[in-house]
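Protein chains in written order, with my numbering: chain W, 1 to 930; chain D, 1 to 930.
I should point out that these hints are in silico values taken from the structure, not numbers from a laboratory. We put the CB at the ideal spot given by N, CA and C, even for glycine. Accuracy of the hints is not assured; some may be wrong.
Stated by the list, open to error - DEER-style ranges, computed between Cβ atoms:
(1) D:Asp516 to W:Thr580: 55 to 63 Å
(2) D:Val696 to W:Glu910: 25 to 33 Å
(3) W:Glu760 to D:Trp210: 38 to 46 Å
There are 2 protein chains.
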Amino acid sequence: MSRTRKSAKPAAGHRVFSFGGGKADGQADQMDLLGGKGANLHEMTRIGIPVPPGFTLSTEICRYFLDTEGQLPDKLGPEVENAVRKLESLSGKRYSGGPVPLLLSVRSGARASMPGMMDTILNLGLNDETVERLSEATRDPRFAWDCYRRLVQMYSNVVLGADSGRFEECLAARCKQTPSGTEAALRVDDLCGLTREFISLAGAFPQDPWEQLWGAIRAVFRSWNTARAKTYRRMHRFSDSWGTAANVQTMVYGNMGPDSATGVAFSRDPANGERLLYGEFMPNAQGEDIVAGIRTPQGLRRATPPMGDSFEELMPEAFTLLESTARRLEAHFGDLQDIEFTIEKSCLYILQTRSGKRTGIAAVRAAVEMFDEGLIGQSQAMQRVEPGQLQHLLAPVFEPEARDAAAREGRIIARGLNAGPGAASGSMVLSTSEAIHRVRDLGEKVILVRTETSAEDIAGMAVAEGILTARGGMTSHAAVVARGMGKCCVTGCGTLEVDSIKGRVHAKGRLLREGDYLSIDGSTGEVIEGLLPTRPSEIVQVLIEKSLAPDDSALFRHFERLMSWADGVRRLRVRANADTPQDAEVARQLGAEGIGLCRTEHMFFAPDRIAPMRAMIVADKESDRRRALDRLLPMQREDFSGILRAMEGLPVTIRLLDPPLHEFLPEEDEGLEEVARDLGITVSKLRRKVEALREVNPMLGHRGCRLGVSYPEIYEMQVRAIYEATCVLRREGVEAVPEVMIPLVGTSEELHRLRLRAEEVAHRTLHASGQQVEVQIGTMIEVPRACLVAGEIAKQADFFSFGTNDLTQMTFGFSRDDATSFLPEYVESGILPFDPFQSIDISGVGALVRQAVEEGRQSRPGLKIGVCGEHGGDPDSVGFFHRCGLDYVSCSPYRVPVARLAAAQEALRESGEGPSMRVTSVRAARTRRI
Amino acid sequence: MSRTRKSAKPAAGHRVFSFGGGKADGQADQMDLLGGKGANLHEMTRIGIPVPPGFTLSTEICRYFLDTEGQLPDKLGPEVENAVRKLESLSGKRYSGGPVPLLLSVRSGARASMPGMMDTILNLGLNDETVERLSEATRDPRFAWDCYRRLVQMYSNVVLGADSGRFEECLAARCKQTPSGTEAALRVDDLCGLTREFISLAGAFPQDPWEQLWGAIRAVFRSWNTARAKTYRRMHRFSDSWGTAANVQTMVYGNMGPDSATGVAFSRDPANGERLLYGEFMPNAQGEDIVAGIRTPQGLRRATPPMGDSFEELMPEAFTLLESTARRLEAHFGDLQDIEFTIEKSCLYILQTRSGKRTGIAAVRAAVEMFDEGLIGQSQAMQRVEPGQLQHLLAPVFEPEARDAAAREGRIIARGLNAGPGAASGSMVLSTSEAIHRVRDLGEKVILVRTETSAEDIAGMAVAEGILTARGGMTSHAAVVARGMGKCCVTGCGTLEVDSIKGRVHAKGRLLREGDYLSIDGSTGEVIEGLLPTRPSEIVQVLIEKSLAPDDSALFRHFERLMSWADGVRRLRVRANADTPQDAEVARQLGAEGIGLCRTEHMFFAPDRIAPMRAMIVADKESDRRRALDRLLPMQREDFSGILRAMEGLPVTIRLLDPPLHEFLPEEDEGLEEVARDLGITVSKLRRKVEALREVNPMLGHRGCRLGVSYPEIYEMQVRAIYEATCVLRREGVEAVPEVMIPLVGTSEELHRLRLRAEEVAHRTLHASGQQVEVQIGTMIEVPRACLVAGEIAKQADFFSFGTNDLTQMTFGFSRDDATSFLPEYVESGILPFDPFQSIDISGVGALVRQAVEEGRQSRPGLKIGVCGEHGGDPDSVGFFHRCGLDYVSCSPYRVPVARLAAAQEALRESGEGPSMRVTSVRAARTRRI
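Construct all of the structure, not just a fragment, from the sequences and the given hints.
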């Protein structure tokens, strides 16, 4: 059945797809039908990679099976039989009967990778009879009986649903009777006896190899609907309707002696992207042995210490073949490959290939170098980097020498999940109270270490440099809260035992006490004893600190090239949220094309400003308020002048005062006396004012434009300061481009009134200075109602800017301050697929955004629309905003590169230049933000 | 130009509509074209009522004038001239030139009444020449010059835009020179001189009567667009596009001597609805004099004290004519009429008629009696009562004599918002504990007075006769809870200073001490010192207290008949919100067809329950929580049993626990020790728990179904209690019909999980008891996101119930607790047309409701949908819910009759049986809730 590549699609109704002997029914782009693993096995066979022959039962069969509650299509039996016959003729073995038994594996494989979620069964075909024949054929009875033992154990567990604990107990009991007490010490008799025990435990282990095969296939299909698989799909937004393929494949063995081995290889170094074979292997072992972690795997390349036992040295020919195979696979799939291989008696087999996980640094280097090598085009190169990883390139890192020294000294005591990028070190604390004590009272930096965190730890997390937990995944409470706070975080570090009562942490036999120094790397997940020095990333050194010349950083050059490609294709503009000239400068260096949100409230907390601000707040009369505002005016003018100057020629959206006024007054009784004295009023008057301004739900209180309505003089002062600063700069020849943004608008009437006043003040100010500047007055869309009446509001607005933080809070009814008590649980248990404050909730909040864009533009064609919430820096959300037709996104300065690349990727996707979803689905699944 | 009634519509292009001499171009149903006042003038003329002849310039002309920025249609000049000629021929006078001058008035009049919003000019046609002729014709030079003086003053102000202050100063200066210092003392010379002064002040007063007329017409049209008129329209949701008509009418004078008079008459007593002429008049006076309030008007009927000076006695013939005219107008317009009349030299003229304002009692009596008299049909009778007024019929009232005495003695010490109708008096208490002490231990009746209330005051509110707060609006905690309890409540009484520590209240310099007697009137907002006797409304005496036989109360009989008519036509079902068997019983008596919202949280505040509730909250382990819940289970079962029994055969929707748990723990340090001791835990542990549960924005925090997700055992206990109670009742033969409602759902997954658990518990409970009861599990739709994904949520819900209170809070981003700091200003200044917590915001919140209904029913056809927010008892909102296709509304028990009538009115409107908007627009405008 030879087909050319182009005409290779099987006829309709074809459901069993064979591969082997250089020919394959399927190919790489059939992931929907054959699953990711299956499609790549076919593709590899097709291009001559040594893959053990096999066949794939399509996802269609799985869907049929699930829809009919366990039926299989009528003619599937003969088709599978036929496919097995092909394997027999390719291998010269027989699956049932015959002198040399053919053994098979059945593995699941869905469209996108769901690691560990579904079932696998190995060594099918063994029974009381074939085990003897395998024993004869291999002349290794121990191997044969071990395979049989494993089959019975696996089959009982996966297919028959037996309790795996009982099997483990039997195995442990057997081992105990051996001299060394290990599995390796079990002899043939032991394994034989154990297999008998297992068979009797299992109850219904089938001796018929065909019954075994069908049982395994059914089990794989059934495993699509286990609770954990469903949860995984919900969390990754995969459809339940996909179904999984089942791959039936000839077994190969890495444990058939010293000329056998098994291992994992990356086509480039996944840590730094260098073009060399990277990975580890284990001689005379099976894949499961690597996973079990009983023996330490050895490095692939000569250079890797300890010397002398690398794959390159031990099996030089196999190494050369593996290296060239990796290059071919990389060239063929156009991406860094993560390859599973087995050497069976010096013979190389590739069991799986897929795009490999890599660090941000490796991703950027590999993408740009693969482009330079002619392996991929620019648009592919852009798709090879996960935008969120660019932020890792900007995070501080441990001094590499210090980190390597720590590694040599064995001070890397644990490794967890890289839940929040960055590097942090400090004194280890095991409780929130200790964290606060050491930070506040002793001035220390601390790393908060907990078994897992809960709402009660929030205060401790807030003061810590980094957070480390023994339990929890990428979406645990600790991970979600830490990322929200922008803190470095390592979670799920299972080898740590945290005893907060005794103030101790055990890590693989090492004991740390509260107060000991600890360092954690949230980009790699490493936990390191001692205090490691950090340094800024190279890109920050070049762009912001200017302490490194561009030519001295290859990373920077790669980064810049990638970014320039992205800028060439994206349609969305990218601005930054920045409140100071310094932040604006950083944002500009990182590629911001304007400021999308300049908050004005932080400016009032400075010591020289809080006094007039408070005087304004406690004033009873408008005239007193105006007097206090007059003192603030020149300061505000300076604020705006600085930021407008830093962004010369680019638009700066300035949001008028937003927070409730009580935020500017002291809360505690202690501060009252001093503040009252400063203000020249009585304590009781101040207390009354504080009391009067206190709110039950400040998020839904007297803030935003509601302040502007109640105290128009505040906004008047701010607008005057904006345009006075603009006039001064323009006279100097600096092109200041301010935009005035009115927050929290819920009705068109609010905006109408405030706009009239602001326009009047702006024009008066400009007129007085004889300047002509276009006055742009727009609004934040952050109250659900504003989206519902966006058509009306647009009539009063020169622009919209979605404040998706507040919009998410109100649409869900989630206070960000309080949701930490349930939101992590919601994400972890799959009630929500992800944290809606990190990635926009497309079906809820997104529906409001879409409606507002449509109605806003209908009412005012060409209305400029952006977004200035946290979501502006989230790649998935950026994609959504592109699809909504927004003009720009605005995010924190360090996320600007992320947004630039995400916008480019979405533009490529839209133009069809993006990767077929099939090729990247593995990556897409992995990189989906939770 | 005689027309029959049916063919009376003027030809197209006709824009000036004459009336007079028993003929009229227009008629009552032309309010759009002629305005309300104009249409009724035409109609009255047509049916032979003595109306001074005139003509109407249609609203079309006004719209033309406004659209063209001051142009008038080409042929209007001749048309108006022609119309004036008709008036000349009817009156035998000439408008310009001729021996007896014709004087005219120009008055505005839009489709709906906008009292005082637009302009009026009287006495047009007077100038230096005609004033002399009027003087001769009337032989009353003083009258003539006074008219001229008024014309110049009014014209200058309204048409020429002169500063009215200057005129007032001149007038005051003149008066000062007279012996008595009053206007009445001005002689002809004075008036003549004053007129000269006015003319010179005005600058451009036109002597040409035609120029005067056109100036006045233009001014009336222009006045449509004054700022105050625009604001008024926005507040009343009137369209800016209507325009106003201008009514030009022959002047008549009530100030031409003792045989002249002016007055206002109602066709029935507007206080109690009795069928007799009611009103007041002033002999020898003009309408303005009544408004100015310089003299006290006299009563119309003989019985009205003081004796001897009634209209009936002074002008018996005119009285008889007026009475028969009023009867005719009432019969013709089918409603109680409010009539303006003038007697000019014994000759009766009717200047205006419209539907009259009346109390609830009068509205019900008049409607039913007018039906009995054959004046109107049933559907008209239902339209004659404003639904909100029915609530007043149920509230207790102070004995009127006692209240008047208090007013005379100056004991009305403050006035707040009439937040919960009724009258209550008792000892003033300033805390819940004092309230409970005095009620329980001393057997006193108390009025609870607080700065504002919170959940901790519920117990105190429950035992108090009435609640008075210094802060908070119509929708504050106190107001909402009080209305829910059917308690009398006055809120926002800003002049009170409540010092609960010292046990004192300051009110405008008066000092009250805890224990002093206080009376509050929740229908008027009055706060009265001392104990005023009250009595329950007759309807309550009949229906609830059963202390009055139905036959002994005419009011009750009228009420019942009206309600039965309403029940016959409405499509919306009406349920009540009730948490206790007592409330449920009241609701049932008032016509509730089920309970739409039974809250379960208040049940836990009782002293015997708060302890296990707190034990549950402070428990660290699920097992401890379950132990505490086991103690609550029998109590909850009793709660539900009582309410299900009271509502036998009718559905009872029980909402599972909703508020954040911290509401059940003490807030202050003081309470902690005692509570900790009771719970058997340390104070520091309790404090930590309180601390951990504290929330920044509790409204958006850990509450509602989020509690159910975190602590499934709470909802399990509640569901078990519900179905155990159901089983017990069913065994007794009582048909209990519970519905389980899960609050605050924002995602379908929340409901899915909680529903599965609840169903399981329900079925297990039913199974154990061998009962078959349909399990109904639905959700409150109160988070904006729930509306956006209603299609998904509907798949998990047997019913939806809109919680429009929270939905409004989150859609607007308004916290009810805090919005009192700006919401009143928003409504007052017209940023919002009304308080969205009182009447549903149709364009914002309403859009979400509509969307949720559509998508919910699309996904689950026939889905039962109701509303259980405050809006369920607001007539306008009830109309909206009817139009949305809801199945039922649920409101507080005392609002059930309101909702029944409002639902009937909307059904009539839908079927076209409702009044044409034209006839009721005056009333509709007036009754629109702000």
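Is the distance from the Cβ of Glu760 of chain W to the Cβ of Trp210 of chain D consistent with 38 to 46 Å?
-> holds, 41 Å
Range hint 25 to 33 Å: satisfied by the CB atoms of Val696 of chain D and Glu910 of chain W?
-> At 40 Å between Cβs, range violated.
Could you check the hint for me, namely that Asp516 of chain D and Thr580 of chain W are 55 to 63 Å apart, CB to CB?
-> holds, 58 Å
Hint check: a violation occurs at hint 2 only; the rest are consistent with the structure.
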